[in-house]
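> Listed here are the chains, written in short residue letters.
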Amino acid sequence: MSQSKQQVYRLNTGGRIDRSRTLSFTFNGQRYQGHPGDTLASALLANGVDIVNRSFKYSRPRGIVAAGAEEPNAIVQLGSSEAAQVPNVRATQQALYDGLAASSTNGWPNVQRDLMGLFGKLGGQFMPPGFYYKTFMAPASMWLTYEKYIRKAAGLGRSPMEADPDSYDHFNQHCDVLVVGAGAAGLAAALAAARSGARVIVADEQEEMGGSLLASRETLEGKPADQWVARVLDELASCENVTLLPRTTANGYHDHNFVTLHERRTEHLSDTAPVENGHRQVRARLHRVRAGQVILCTGAHERPLVYAGNDVPGNLLAGAVSTYIRRYGVAPGRKLVLSTSNDYGYRAALDWKESGCEVVAIVDAREAPKGDWVDAARAQGIKIITGSAVIEAKGSNRVTAARVAKIDIEAFKVSGPVQELACDTIASSGGYSPVIHLASHTGARPNWRDDIIGFVPGLVKGVQACGGANGCYALGDVLAEGVEAGIKAAAAMGHAVQTVTLPSAERLQQGPAVALFQVPHEKPTLRGPKQFVDLQNDVTAAGIELATREGFESIEHIKRYTAMGFGTDQGKLGNINGMAIAARCLGRSIPEVGTTVFRPNYTPVTFGAIVGRHCRDLFDPERYTALHQWHVERGAEFEDVGQWKRPWYYPEKVNGKTETMHEAVARECLAVREKVGILDASTLGKIDIQGPDAREFLGRVYTNKWEKLAVGKCRYGLMCKDDGMVTDDGVTSCLAENHFLMTTTTGGAAAILEWLELWHQTEWPELDVYFSSVTDHWATMTITGPEARKLLAEISDIDLDRDSFKFMDWRSGKVAGVPARVFRISFTGELTFEINVQANYAMHVWQTLFKHGEKYGLTPYGTETMHVLRAEKGFIIVGQETDGSVTPEDLGMQWCVGYDKPYSWIGKRALTRSDTKRENRKQLVGLRPKDPKVILEEGAQIVLDPKHAIPMPMVGHVTSSYYSPILDSGFALAVVKGGHQKLGETVYLPMADGQTHEAEIVSTIFYDPKGERQHV
Amino acid sequence: MSNAATFDTRTDTAIPVESPLAYSYRRSGAPRGSGYRLKLRERAMQGHLILRGGAIVLDEAVREVLGISLPGKPQALVLDASGERSIQWLSPDEWLVIVPGGEEFPLETQLRERLGDAHFAISDVSGGQTVLELSGEAARELLMKTVIYDVHPSNFPVGKGVTTVFAKATTILRRPSEERWELVVRRSFADYCYRWLLDAGSEYGVNVEQ
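Top to bottom, those sequences are chains L and X. Each residue of the first sequence is one higher than the one before, starting from 19 at the first, in our numbering. Each residue of the second sequence is one higher than the one before, starting from 269 at the first, in our numbering.
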């Protein structure tokens, strides 16, 4: 790094900076100094840094233009370490801190000596609007290649390659009145609303609240305006009902007054959040505000004039010049030419002159400007050239002169001789554009007002705009509008407002502005030097004119064709000028052309703030059973089932080597078939159903019959949606005449409860029945296998005799000393007891089972083994064998359909449709691969003739496929068109690798076809 | 009689129990110490019953058996004088009753006797949920990070209870007293909720009372 440079453009006095302290920072590796109170932009200007970036498309040198969110050029990459990298920071919005390290986002190898510039200057003429569309879209397959280089060349910063050390969070906020912007209007509105007792949130994007009043030459109560700001802020801060959020940008305005605010809490202190009391502070916070009323006091952006060479460093907005002088104590040059279409611009010249620098001339587009500021300029002896404009800025790395000429706005031409004025700074003002972005997010179209030459926001219910955002610029009127809006908003929320006395503002005489957007040049727009409209996206007036000539008439199309207002810029500086130019070219008025739609976010939001704490192990809830710790300690691998973590399989160490999944599952399967296994089935949905009509209700939501299920008995049930397609299944048990316990699939639990409530509340409210979820109340442990009875008998007082406690019965009693309900139902085909105990006792019961189970070879098994075992038995899994297009009949489960039930049931009518009766529907079958070593791929397509020309007619697909340890063979379940009639036929499965597997259609039941084992 | 099966899931023998947070304490610890602005305590092993039915008949039965009236107003929470027993409105025909552990079965039995043939349902969910009690000066800020519901005192006075979104899960949030908030969370989500609260509360300092 080279030695520190002097702050050559720093004024000796004035501004809101602390000259007693010096901060050191680097920009593009060069060390500089600034002061507390500076932004990175003001410090760069103070140090005479003209070039802050290279432009997007043409790679032209660019300097700082604005002083706020509308800055198009000074977009920097921030961060002193890799992990702290932040792209796309506006230097005008970044507070300076000691040690800040920033660099330009564009420009390679650096902004001063830019290799891309060569390409830009050459390529520039070959990059007209629509360039990407015209050039790089064909062949389509190459776009990915082009894109990589185009993005690198264009570039708008880069993301960090290391994990972000910071944390971010969300805050849910609720208020009566949300005030966006704490300038004159916002503070007045907030004060009025606050005094009513309403809950008020004030969000302001800047380092300090006060907006333009912090740098205003106007007085309030005869004193500098910032004194009034300080008083109001003191009062607001002392109100319990007011939340002040500085450094907080309202970025998105969503439906129903839901507004997202992005608060930067530590970015003014360092590039990663400081540690306080041992905790790293939250770097940024997203406030999710639900507001009763919203008051938009977002102010206005000054419009630059569009003239040739208006992008050369040294061209600034007039208002920005004033802000740098009055707020930051920086005069960003020595010799100023001001080009303006209105009185407001004059303030820049007055401020410039008062700071001791030279004003070469004010060039006013109006023939006879008059007003208090015009008079003040005349009184200062400043030369005013009327009826004229700066038509071109000369210079390449910094403005060297302004070319000034008389212009005829109506005829759009230069109407007099050109004179060249030597200067290093050109300030321009084309009037103000109200900041209508947030209001546009709501979908409300803005309205053009000729009197203010700008769009004012269209408004939805519960929102007001006031001050600059509403096209009101005179300070006294702004304050009055603010107070009125505050009173109105508070009143709408039921809060009576006490009077608010407005501070007296100066009444200034002002002359009318003239509507000037693009300044004519001696040469036609398409031939003349570039006149930039959107500096960030390098959109020129010629580009817009060309787009209209090529037939683009809609402003939305022109925007997309030229890229105007794209990306992080969101059309803050250039959009209105662009529309005006399009309107001129199309011979229409600006309101006829209309605006493009501004979208969230107003300024870029870091991903961290959007994510908040929903990341890493808090990304999504993980649901655990009461036995989770045991599974973890046993070394289980887990499978996600919905949000549940279910043991998938339990790999063991065999001879020092950990089993593969295949090995573990084979061992677990054989343990169940030959000895006894145990499954944590707690995740199954359980719904407690009570009421005299419970049985009737079950008959209507299940396809099968329930009227004869006796107390103490269980039954498998199948549920269809009203389209006749299977949606859930499970076992429901009759606990008492009016009391049933329904089980659902793990994933379906919540949805099925809602489904039951929906039908009860909307269709059958006359049925007396209630549903409550008891899923989490019970822990369910399934012991299954030939030794299950012997094991359970050791620790239970229930009579387990096969004739008194039959298959599909349930009994209650004690298991391991704990009250339990035990269900003899089976998903494996083996002798099975499902033990249900209150979840708080689960660990004790589970461990007791293992204490007694060792001698029987008790083996824990997971969901994978469960899947294999049930598939061997042809038991379906809803969501695997079914996909929302499968009927009970497709599954061959006619035995589970009560066609003759007296009352209709959900899905019955749909099952009589011709389509559901069709013979060649895809039907569930078993598949036995001809080669038993083959495990068919789940999802593999099935064809009847593998020699058929491609595309082959596909007749079905594999739904489940596993290796069966007990059969020592691969096997699968599949759906095949007309499959139930195709038993014994051979089908083919052509694979992506060119192999074709052969398989025979067989019964879905591969093991124990008579079902004897579960009855023992 | 309602002809429903009742079942006392508790046992009086000395059998070890594990609260829904048992695993969480082992996994994430239970921070203690001074200088905290938040206190978190699991009020485990209480009796939880879901009551469903018409407000008028349930109110009569509840008043007789528990000595407190059924909250008829939406989002209301009623506690008995000791503060140990509470009834919370959940939906127009649904209430949550929380009583000291072990009281739930006798209570259910008494209510069923008292309610006779009326149409109602009582479901024991004691094993399925737990109560996380939150207090301390930063409690409200922590809740603002966590639930979308407006917890400002003007909108959430003592005696209110709502079902709302907890980060990416749901919770029943209630305010039994000026200083205390209670989160009723489901057992399977308890670990997520606990980790979320520890994380969100770390900037204020959390003290977990076991």
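For the record, the hints were derived by calculation from the structure and aren't laboratory data. Warning: the hint list may mix true and false statements.
Stated by the list, open to error - To give an idea of the interface, some chain X residues facing chain L are shown, with a C-beta separation under 10 Å as derived from the structure:
hint	residue
1	Asn271
2	Ala298
3	Gly303
4	Ile318
5	Pro374
6	Leu375
7	Ser445
8	Ser456
As the structure is a prediction and not an experimental result, all values here were calculated from the model. Quick reminder that beta carbons are idealized off the backbone N, C-alpha and C, glycines included.
> Does each hint fit the structure? Answer for all of them.
Going through the hints against the structure:
Hint status for Asn271/X relative to chain L: holds, with the closest Cβ pair at about 4 Å, below 10 Å. The beta carbon of Ala298/X comes no nearer than 15 Å to any beta carbon in chain L, farther than 10 Å, and the hint placing it at the interface is violated. Because the smallest distance between the Cβ of Gly303/X and any Cβ of chain L comes to about 8 Å, under 10 Å, the interface hint for this residue holds. With a least beta-carbon distance of about 5 Å to chain L, the hint placing Ile318/X at the interface is held under the 10 Å criterion.
A cut of 10 Å between beta carbons decides the hint on Pro374/X: the least distance to chain L is about 15 Å, and the hint is violated. At about 16 Å, the closest approach between the beta carbon of Leu375/X and any beta carbon in chain L exceeds 10 Å, and the interface hint on this residue is violated. About 21 Å separates the beta-carbon of Ser445/X from the nearest beta-carbon of chain L, more than 10 Å, and the hint is not met. Because the smallest distance between the Cβ of Ser456/X and any Cβ of chain L comes to about 4 Å, under 10 Å, the interface hint for this residue holds.
Checked against the numbered hints above, the structure violates hints 2, 5, 6, 7; every other hint is satisfied.
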